[in-house]
Amino acid sequence: MPGRARTPTAVANVAVLVLEGVVTFDLGVPLLVFGVLPEHYKHTLCASRPGTVSSSDGYSLNVDRGLDELARADIVVVPGYDLDRPVPDATLRALRQAHARGARMVSICSGVFALAEAGLLDGLTVTTHWRAADLLARRHPEVTVDPDVLYLDHGRILTSAGASAGLDLCLHVVRRDHGAVVANTAARFAVAAPYRAGGQAQYIKRAVPKTSGRSLARTREWALRHLGEELSVPRLAKHAAMSERTFARRFVEEAGVSPTQWLLAARIDLAKQLLESGDTGIDEIARRVGLGTTANFRTRFRNAIGTSPTAYRRTFGDQDGRASRTPG
1 MPGRARTPTA VANVAVLVLE GVVTFDLGVP LLVFGVLPEH YKHTLCASRP
51 GTVSSSDGYS LNVDRGLDEL ARADIVVVPG YDLDRPVPDA TLRALRQAHA
101 RGARMVSICS GVFALAEAGL LDGLTVTTHW RAADLLARRH PEVTVDPDVL
151 YLDHGRILTS AGASAGLDLC LHVVRRDHGA VVANTAARFA VAAPYRAGGQ
201 AQYIKRAVPK TSGRSLARTR EWALRHLGEE LSVPRLAKHA AMSERTFARR
251 FVEEAGVSPT QWLLAARIDL AKQLLESGDT GIDEIARRVG LGTTANFRTR
301 FRNAIGTSPT AYRRTFGDQD GRASRTPG
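Reminder that position 293 of the sequence shown reads as 293 in UniProt numbering, one-by-one numbering, no gaps.
In short, the hints are calculated from the structure, not lab data.
Just so you know, even glycine gets a beta-carbon here, dropped at the ideal spot from N, CA and C.
Take the hints with a grain of salt, since some may be wrong.
[Stated by the list, open to error] Distance windows between CB atoms, simulated:
| no. | residue 1 | residue 2 | range |
| --- | --- | --- | --- |
| 1 | Arg49 | Thr315 | 32 to 42 Å |
| 2 | Trp222 | Ser243 | 53 to 63 Å |
| 3 | Glu229 | Asp57 | 46 to 56 Å |
| 4 | Pro86 | Asp134 | 13 to 23 Å |
| 5 | Leu124 | Arg218 | 22 to 32 Å |
| 6 | Val233 | Gly66 | 52 to 62 Å |
| 7 | Arg139 | Thr44 | 25 to 35 Å |
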């Protein structure tokens, strides 16, 4: 089921496919996230054929591995690339074979076009950078394109929007595989938010009402320190020194989701960390994350994660209820 946690029994092989005109930012993202977790992932660069590959930034990369790496990969990552450069037929066949063998296929930004050309996305809803969404829909009408989300997870097919959304998706993969504590280790190294709520709709250029220019970051940081308390919209608006209506509108403009949705995501993320990192009782966790009764906490957690708090702890904690941690 998409989004459910899974626990690999060994180090996962990650093959990063470097296509002609590769977007170097997109390429660096999986190398950063998976590279700081050598206990869990081993990454390799590969190309349609070993040798020199051009980048979108005008310089070349030397990639000494070929398509054989896709045949050994548990995860195949396709970063964005120059869409005017055709993907070789042999590469498309290798992508299909990797998927048929059971590898997870992950695209960043325009990398989704290669998966679509390989026929792996038929009937699915996927995403890409909002500027490329219309082109993807025109080239591949058999695919449904959602331009408003940061990433989508269909289990063995995962697609992300542009640039930093690839970081969100790679952290999501780690979170699925090894839980919030390990994902937060990679996020801290990357100086990134472990979980970013909202979608890329907040980044699309559009006419918006003029605001005072004040950011709500300080109020969000304050809320994260007080998740165990009652945090109503009126209380948050008071902290931000705004009217409730102005606060709610500004919050959606900045975060891409409502204050209530953002708070629930933050509370679930804290709950996952508490479940992984100690033997705190479920009742106490419900109280500390501000989700009230144990029954309400269990319901909210299951709806968000797809499993119960107890099952989540059993998956990501050791027998004493303590999560296995990575260095850093």
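Non-conforming hints, listed in increasing numerical order
2 and 5
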